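There are 4 protein chains.
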Amino acid sequence: MNPLKFVKDRPLDLIAIGRLCIDLNANETNRPMEETSTFTKYVGGSPANIAIGSARLGQKTGFIGKVSNDQMGRFITNYLEKNDIDTKGVTTDLTGAVTGLAFTEIKSPDDCSILMYRDNVADLKLHPYDVDEDYIKQSKALLISGTALAKSPSREAVFVALEYAEKHEVTVFFDLDYRPYTWTDEAETAVYYNLAAEKCNVIIGTREEFDMMEKLLNVEESDDHFTASRWFSYHSDLVVIKHGDAGSIAYTKDNKSHRSGIFQTNVLKTFGAGDSYASAFIYGLMNGKEVSEAMKLGSASASIVISRHSCSDAMPTEEELENHMETAVYQQS
Amino acid sequence: MNPLKFVKDRPLDLIAIGRLCIDLNANETNRPMEETSTFTKYVGGSPANIAIGSARLGQKTGFIGKVSNDQMGRFITNYLEKNDIDTKGVTTDLTGAVTGLAFTEIKSPDDCSILMYRDNVADLKLHPYDVDEDYIKQSKALLISGTALAKSPSREAVFVALEYAEKHEVTVFFDLDYRPYTWTDEAETAVYYNLAAEKCNVIIGTREEFDMMEKLLNVEESDDHFTASRWFSYHSDLVVIKHGDAGSIAYTKDNKSHRSGIFQTNVLKTFGAGDSYASAFIYGLMNGKEVSEAMKLGSASASIVISRHSCSDAMPTEEELENHMETAVYQQS
Amino acid sequence: MNPLKFVKDRPLDLIAIGRLCIDLNANETNRPMEETSTFTKYVGGSPANIAIGSARLGQKTGFIGKVSNDQMGRFITNYLEKNDIDTKGVTTDLTGAVTGLAFTEIKSPDDCSILMYRDNVADLKLHPYDVDEDYIKQSKALLISGTALAKSPSREAVFVALEYAEKHEVTVFFDLDYRPYTWTDEAETAVYYNLAAEKCNVIIGTREEFDMMEKLLNVEESDDHFTASRWFSYHSDLVVIKHGDAGSIAYTKDNKSHRSGIFQTNVLKTFGAGDSYASAFIYGLMNGKEVSEAMKLGSASASIVISRHSCSDAMPTEEELENHMETAVYQQS
Amino acid sequence: MNPLKFVKDRPLDLIAIGRLCIDLNANETNRPMEETSTFTKYVGGSPANIAIGSARLGQKTGFIGKVSNDQMGRFITNYLEKNDIDTKGVTTDLTGAVTGLAFTEIKSPDDCSILMYRDNVADLKLHPYDVDEDYIKQSKALLISGTALAKSPSREAVFVALEYAEKHEVTVFFDLDYRPYTWTDEAETAVYYNLAAEKCNVIIGTREEFDMMEKLLNVEESDDHFTASRWFSYHSDLVVIKHGDAGSIAYTKDNKSHRSGIFQTNVLKTFGAGDSYASAFIYGLMNGKEVSEAMKLGSASASIVISRHSCSDAMPTEEELENHMETAVYQQS
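Quick note, the sequences are listed as chains E, S, U and B, same order. So the first sequence is residues 6 to 338, counted in the numbering used here. So the second sequence is residues 6 to 338, counted in the numbering used here. So the third sequence is residues 6 to 338, counted in the numbering used here. So the fourth sequence is residues 6 to 338, counted in the numbering used here.
Derived by calculation from the structure, the hints in this document are not laboratory data. Where hints are given, some of them may not hold.
No distinction is drawn between identical chains; accordingly, a pair holds when it is met within one copy or between any pair of copies.
[What the hints assert, rightly or not] Computed cross-link-like contacts, BS3-like style, restricted to lysine-lysine with a CA-CA straight-line distance of at most 25 Å:
no., residue 1, residue 2
1, 220, 93
2, 247, 142
3, 261, 247
4, 258, 172
5, 65, 294
6, 87, 112
7, 294, 261
8, 258, 156
9, 220, 142
10, 93, 112
11, 156, 112
This structure is a prediction, so every number in the text was calculated from the model and none was measured.
Using the sequences plus the hints, can you model the full thing?
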């Protein structure tokens, strides 16, 4: 059963809010970054990737975010528009902020790392006044991502978006996406993750992310069922907990759990797995699929993206996703 | 009817959390501060004043806060202890922060102003890790005050305290106490005031403070009934809205409103009116008084404090409060 | 012999540049500040004190500094004007800075300490653009003090003043006045003290202050003669090195050294000794006294100020200074 | 005549101090950066480029700087070592700083721009304690560059290096290299440029850079002869003033001026012209060439580098430089 209901007849299916940045992926792979010499530039950032994935799958998608007033910022906005993403909610920083960068290093398919530039970045300058109530109420769903909660004023902008979403019955997806480097400490992170999660309909995260959130409350044991139930007592209808290689488990408010498997693929790198999963999973749920079927779509999308060089530009279209599901080897977990 | 229930048999009646600072009140009154030459030092800060008022009225009171590692910090802790306030939750800053200062200027009873020192203050360094779940669960009630939400990490410490309070059924009072000088902008303020207010049982503020909170949500008209109802849909049982000279109005969840009047007094200055009101009002509610009766206690306490030189040191004992109610002229609004 | 020459026929004798702040001196002495309850407000800051001392002794004195846009700032400017100090060079901060504070604690005449408020202070916001070449060239001498070098933009403002002084043959006095609390580390301090000292005609400091400056250059032994000679190779004509109770020694470029003694007095506190010494010493030098005679004037002024409650307001007039020299017991060191 | 003397018999010819960063040069040229997609990574930063140029020309070269504790930092140190530059003075930042980045955009040979990442960069964390007196005294010459003066503690580290250089008769070259983006305002810049220039033997800059330095002193007209003379009154023996297409002019203390011309070349981009000029000019002066001959070497090196894709990696060897001087068309200005 699909536990989610979406308001009908709105011009947009999904608005994503938060980080817009640049990935600089080393062209030379299987070596440390000290030994790479050229990089290819892609749009990046978890909510950007999810929005791009969503648009590729045919969803009417918009974005609320802030870009730098330079070539990097314009490249991002141009790319979103080329992918049919509505950028009315994308504003330009005028304080001299830069675009966040992620240099990727692929030592082997299993040993990937990222070198981040996150000082004075435009995406975290998104201000509550940049968030328009009228825009949010034009969408069936809103996607938030944890990184946008890392600093003021972006943090407050997300909370304002959540208020508007609640007021206008916009379904909220929360992809936890916890990246320690922009946060002061775990207590700060947990406070805002918990406050935001209280207001979301669907929460997607790893077991470690949920543990971090519960540690603040002195919860000592990891228990998926407890975790999910806690959020059902607020506004959640669906909680997805990822266990890495051991697969994901989704809980619905009716106390049922749902699992899916993975598709075999030639892994180039692990980046982008979570974002591609989320975009196809949301697409499935918004198109009436059962939870486990939506999870399978997520897995299929992830298996495509991790075999390719980029995260954003690698996102599959509906047709590619269908072909892949028909041809790739699927392994139920 | 008193709409509040308190857990019984706990060692503390009330814990206040937040600002501990120093008031430096000009000894020479009725002139601008340029012309004053001596000052008297008192403990200050809204939650400190309320805690002192509470303890003077015989409530078992504790405090969670942070003081500077100097003579000012030690003066504050000593003063709280002399007033029978439990200071187990008061920690000492070790980063070189100072104690916040408030120099008061009394040009006339109606024209008072404050010159604040709020840079690098110890009280805003209170950290989530300084807030102890076991301590909070020893109290029947928790008082929070808006100023502690103004900056990290104090902001997060308050949210952690609210989580523990909810977990252990500690009744939460929220004295809005909005002081613009420590906040970046109104949107930031409104976001955190709203998030905190959602978790409180009793909210006390001026009409202007509630307006600031509602403006973020594009609410355009001030309407006390709407304001109160909004919070009843979260956790509130009682909302007090102050209208300055026009008196205060309290709403209870049963949709009733309650009013009280004021006691005539010789006004020396207006500082401390709100804190003394809150301390006696809370004392009344915690001791089973009707709402309007508790409001009358609040008014009586305020009329005592505004006739005296300090805020904290002027707080009345039970006996003083009773005497005043018997002797002062009361005027129902 | 007096080694200094001053340009004649300028409207001002001395301009001081730098810190303008407030001293809050405990009225109750011989106890820790935790036990004091009232304070008296005075203008403070080393160059402010020296300027006040200078004006009291009849010198035409001006000031270049920045005050906060509040009652404290106006109090300072008013006080300077009442003391016949020209305040054309005193500008008002418009960024929300506060006036620096120094709470003094007098446990005993030998055990005094200061609690400083130096965050976001107006005096350190003095900007190069606030320093007017035309104003500086109206003075015979300029006094700088180390604290103004502690932070940008005040640091750069002082260097600009030094450029103008050099250009217009204004004699420069440098009172080292090293206060660790506003500096990042000793290396930073030593760099700017050395750069400034290179441009000064008279340098006055304690042995410890000169040691700090030399440590950066890996000078390992304290040697007054070496210290003085080093500065004679730049622009100095006179270097005064203070050895606490062991008295001061002054070196002149002709390789001679000069000493003076102290006047007996009833010490209330030690604050202000250095500033009162400097003001009368400069007054002596600018009025043609021999170096040792100027030093004696400095000692006399110091012995007056340390017997009184304030630093600034205690500065003697010419008449008081003369009387004191006639009546007080002098002890040659 | 070559006005410079160098101490003999030291293990190093030149130590450069300051910025070590990464250039990311767009591989696709003649288009805006919004339309480029790949970048090649090179070591960059003015003193780094000059050091590399110096080493390529056979000078024994060392570096004092700070790199980030990541792949970028290690890439820089490795590259310097591969170019036979001594890196004993290169320390690693441990505070989480990043390597500065310069993304270059080549719209046309005449229209090049740079997008800088200069927040929280490792090179500006160089501390006075990282500068070793014993290391500096092993070199005949020291090269400083203006960017290292932009922020503390790197600013102070440079002044300490200048103190040690003076103490040990190390000849100091100052390449002004003014980049507004790291500075607060022009007054701050001019203060430190002037203080540093006072201590240098050779100063190389554009007319605009010298104007910025003189504006602080209210000098109103640009006059090369005045500019040069001002520095001769401090420690300078040679001042080079660049007038863009109109060529450069060098002044020596004997009041003579020297000019050189340019070599024709196929310009790819203008970046790196100044650094390659400086490295070959210094090489010429340190090898006994006449001033005008050294300037010609500078021009030759510049004409090579601006025809190639990088700045650092394009620096010519002695052999390449000689070949170029024999074959390229030279045009005396």
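Okay, the hints, checked on the actual structure:
1. Proximity of residue 220 and residue 93 under a CA criterion of 25 Å is satisfied inter-copy only: 23 Å between copies versus 39 Å inside one chain copy.
2. In this assembly of identical chains, residue 247 and residue 142 lie within 25 Å of each other by CA distance neither inside one copy nor across copies; the values are 30 Å within and 34 Å between.
3. In this homomeric assembly, residue 261 and residue 247 come within 25 Å of each other (Cα to Cα) only inside a single copy, at 16 Å, whereas the closest approach across copies is 49 Å.
4. For the homomeric pair residue 258 and residue 172, the shortest alpha-carbon distances inside one copy (22 Å) and between copies (22 Å) are both at most 25 Å.
5. In this homomeric assembly, residue 65 and residue 294 come within 25 Å of each other (Cα to Cα) only inside a single copy, at 18 Å, whereas the closest approach across copies is 57 Å.
6. Within a single copy, residue 87 and residue 112 get their C-alpha atoms only as close as 32 Å, which misses the 25 Å cut-off; across copies the closest is 23 Å, which meets it.
7. When the C-alpha separation of residue 294 and residue 261 is checked against a cutoff of 25 Å, the pair qualifies only within one copy, where the shortest distance is 16 Å, while the shortest distance between copies is 48 Å.
8. Taking the shortest Cα distances, residue 258 and residue 156 never come within 25 Å of each other, neither inside one copy (32 Å) nor across copies (36 Å).
9. For the homomeric pair residue 220 and residue 142, the shortest alpha-carbon distance between copies (18 Å) is at most 25 Å, but the shortest distance inside one copy (35 Å) is not.
10. Within a single copy, residue 93 and residue 112 get their C-alpha atoms no closer than 39 Å, and across copies no closer than 29 Å, so neither meets the 25 Å cut-off.
11. Taking the shortest Cα distances, residue 156 and residue 112 never come within 25 Å of each other, neither inside one copy (31 Å) nor across copies (36 Å).
Hints 2, 8, 10 and 11 from the earlier list are contradicted by this structure; the remaining hints agree with it.
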